[in-house]
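Peer 1: One-letter residues, chain by chain:
Number of protein chains: 2
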Amino acid sequence: MNSDKRPAFAAVDWGTSSFRLWLMNAGGDVLEERRSDEGMAMASAACGFPKILKSHLSALGAASDLPVIICGMAGARQGWVEAGYVTVPALLDAVLSGAVRVPGEGRDIRILPGLANRDPAHPDVMRGEETQLLGALADLGAGEHLACMPGTHSKWVKLDGATVTEFSTYMTGELFDLISKQSLIAHSLAGPEGMDMAAYRTAVSKVVTAPGRATNLIFQIRAGQLLEGATADISRARLSGTLIGLEIAGAGGDAASAWQGTISLIVSGRLGELYGEALSALSRPYRITDAETAVKRGLARAARGLWLSSKD
Amino acid sequence: MNSDKRPAFAAVDWGTSSFRLWLMNAGGDVLEERRSDEGMAMASAACGFPKILKSHLSALGAASDLPVIICGMAGARQGWVEAGYVTVPALLDAVLSGAVRVPGEGRDIRILPGLANRDPAHPDVMRGEETQLLGALADLGAGEHLACMPGTHSKWVKLDGATVTEFSTYMTGELFDLISKQSLIAHSLAGPEGMDMAAYRTAVSKVVTAPGRATNLIFQIRAGQLLEGATADISRARLSGTLIGLEIAGAGGDAASAWQGTISLIVSGRLGELYGEALSALSRPYRITDAETAVKRGLARAARGLWLSSKD
Numbered sequence: 018m019n020s021d022k023r024p025a026f027a028a029v030d031w032g033t034s035s036f037r038l039w040l041m042n043a044g045g046d047v048l049e050e051r052r053s054d055e056g057m058a059m060a061s062a063a064c065g066f067p068k069i070l071k072s073h074l075s076a077l078g079a080a081s082d083l084p085v086i087i088c089g090m091a092g093a094r095q096g097w098v099e100a101g102y103v104t105v106p107a108l109l110d111a112v113l114s115g116a117v118r119v120p121g122e123g124r125d126i127r128i129l130p131g132l133a134n135r136d137p138a139h140p141d142v143m144r145g146e147e148t149q150l151l152g153a154l155a156d157l158g159a160g161e162h163l164a165c166m167p168g169t170h171s172k173w174v175k176l177d178g179a180t181v182t183e184f185s186t187y188m189t190g191e192l193f194d195l196i197s198k199q200s201l202i203a204h205s206l207a208g209p210e211g212m213d214m215a216a217y218r219t220a221v222s223k224v225v226t227a228p229g230r231a232t233n234l235i236f237q238i239r240a241g242q243l244l245e246g247a248t249a250d251i252s253r254a255r256l257s258g259t260l261i262g263l264e265i266a267g268a269g270g271d272a273a274s275a276w277q278g279t280i281s282l283i284v285s286g287r288l289g290e291l292y293g294e295a296l297s298a299l300s301r302p303y304r305i306t307d308a309e310t311a312v313k314r315g316l317a318r319a320a321r322g323l324w325l326s327s328k329d
Numbered sequence: 018m019n020s021d022k023r024p025a026f027a028a029v030d031w032g033t034s035s036f037r038l039w040l041m042n043a044g045g046d047v048l049e050e051r052r053s054d055e056g057m058a059m060a061s062a063a064c065g066f067p068k069i070l071k072s073h074l075s076a077l078g079a080a081s082d083l084p085v086i087i088c089g090m091a092g093a094r095q096g097w098v099e100a101g102y103v104t105v106p107a108l109l110d111a112v113l114s115g116a117v118r119v120p121g122e123g124r125d126i127r128i129l130p131g132l133a134n135r136d137p138a139h140p141d142v143m144r145g146e147e148t149q150l151l152g153a154l155a156d157l158g159a160g161e162h163l164a165c166m167p168g169t170h171s172k173w174v175k176l177d178g179a180t181v182t183e184f185s186t187y188m189t190g191e192l193f194d195l196i197s198k199q200s201l202i203a204h205s206l207a208g209p210e211g212m213d214m215a216a217y218r219t220a221v222s223k224v225v226t227a228p229g230r231a232t233n234l235i236f237q238i239r240a241g242q243l244l245e246g247a248t249a250d251i252s253r254a255r256l257s258g259t260l261i262g263l264e265i266a267g268a269g270g271d272a273a274s275a276w277q278g279t280i281s282l283i284v285s286g287r288l289g290e291l292y293g294e295a296l297s298a299l300s301r302p303y304r305i306t307d308a309e310t311a312v313k314r315g316l317a318r319a320a321r322g323l324w325l326s327s328k329d
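In order, the protein sequences belong to chains A and B. Going by our numbering, the first sequence opens with residue 18, and the numbers climb by one from there. Going by our numbering, the second sequence opens with residue 18, and the numbers climb by one from there.
Errors might be hidden in some of the hints.
Which copy? The list can't say, so a pair holds if one copy fits it or any two copies do.
[Said to hold, decoys possible] In silico DSBU-like cross-links for lysine-lysine, where the CA-CA straight-line distance does not exceed 35 Å:
| # | residue 1 | residue 2 |
| --- | --- | --- |
| 1 | LYS68 | LYS22 |
| 2 | LYS68 | LYS198 |
| 3 | LYS198 | LYS223 |
Keep in mind that the hints were calculated from the coordinates and are not lab data.
Produce the complete structure using the sequences and hints provided.
Peer 2: Right, dumping it as structure tokens:
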């Protein structure tokens, strides 16, 4: 355990709609934390990336030469400074050497690149999850792994040791948001935010049996409310189960087709319970690695590699 | 050929976002036509159903006692007067006896009910398509049929002669609209409204092979634009092909599982070309019945059954 209280760097996970910053010591222990909703969307639209970063560093009294390591959407084309993509198959450590320095700033600020699959039959991109994976490696251990990283754009990643061999993105979270708020189904979901877990498991099983029926199963949510008076709890569970089940059906029939081993869920909070419940309903073994712990570890590994390797 | 120029009734197809009215003679020939965007959404929100109907009848100089037959969303719970649902399996003629008279109006105005599948394992509803089916019966002929009625909420209907035995709704059109306008993918589709038909056919085939990958294939549209510079024409074709292909995969694996015969597409305009192209790409035989002709015939059949049967 490192009890050093001196900040060695700041680590930032800068997503589309969230900003998280940690001051860490040379050992990667968290000394201070800041969280806000100043994600890329807000930073691009109004306040600007440098201003947001400075305000958080100032609030923590960070030294003006404290280096900063950033992962996530800040490195997108529409972000702060484009940090490109490392092409898979790739060793996760390759993202470290691809870090881009933000020009014109007094302190040393680096943004980590994402990963890209450039196979024209299967193009895909990630940004931020590669850093979570880097931090999860110690948990995963050697050998082959199938990691599932639930979210707005869920990632399913095949790993061979520290090498990402392939990955696929599923738009599950974004579609849940769009459909639950703006489609015909929105009426059926209006109400308190509960979820009927029996209805959830049934929805998962139904769509896995017949994934082509996904948009029919979603319409049935409305019909179930009209004809049977299904509650918002049941309707919400059916929508969530259908979309998460569709994702598992796809990932299970694709990259994971031959995968009979334990699935490594890298996730935090409520989403972890939902994906765990879905995998249990399908009798698929899984283990959970906390996503926030993973991204902190990944950022720390990147920072230490960049600035502290000689001191290790 | 009936050349009677005297209006015998008005027929209205009142959808969610469109209003179409035809003055017809006793033989069901169209004498005059009116179209507008005053669908249920607009009628419920502002102007009101009676006012919209009167304005169109007045513009055509219709007699104050001319009867009016209506199908579609005007009969929904949130419409003008609720017209309920006839439970399947049902003879299509059963919707005629379920017509609901609008109270408090000088003229005789009837709204046709929809159809419902009340099987709790498969709840579903339609409103308007039953009238199209009624009008398409003469084209379809005796025996079993599988009808596909593309749209915002596409319907796949199993018919045995004039009996609807089962049906399923797919939210294809609504999802295309939501995803193309409001998701991450919207950026990739911005531009002129063209569509690359080779990319469309490939997308159909891909999703039919692995329907569980649908939301991954949709995300790949964005990745394809980022990594390969895919044009809006290609991106739009991929989204449309993925969603329509997913629908065909589902309907082909469900009600239509044993269906090897010709699929009866009941559709008008551009959507007919897209569905025809998709079915061709999958080597599925189909024939097209014009949806607008079908709904006019169905409304005429309903009107004549209600008001003119003794004169036939």
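Peer 1: Indicate, hint by hint, whether the structure satisfies it.
Peer 2: Structure-based check of each hint:
1. With identical chains, the CA atoms of LYS68 and LYS22 are at most 35 Å apart within one copy only, with a shortest distance of 26 Å there and 74 Å across copies.
2. Within a single copy, LYS68 and LYS198 get their C-alpha atoms as close as 32 Å, and across copies as close as 31 Å, so both meet the 35 Å cut-off.
3. Taking the closest pair of Cα atoms, LYS198 and LYS223 come within 35 Å of each other both inside a single copy (23 Å) and across two copies (29 Å).
Checked against the numbered hints listed earlier, the structure breaks none of them; every hint is satisfied.
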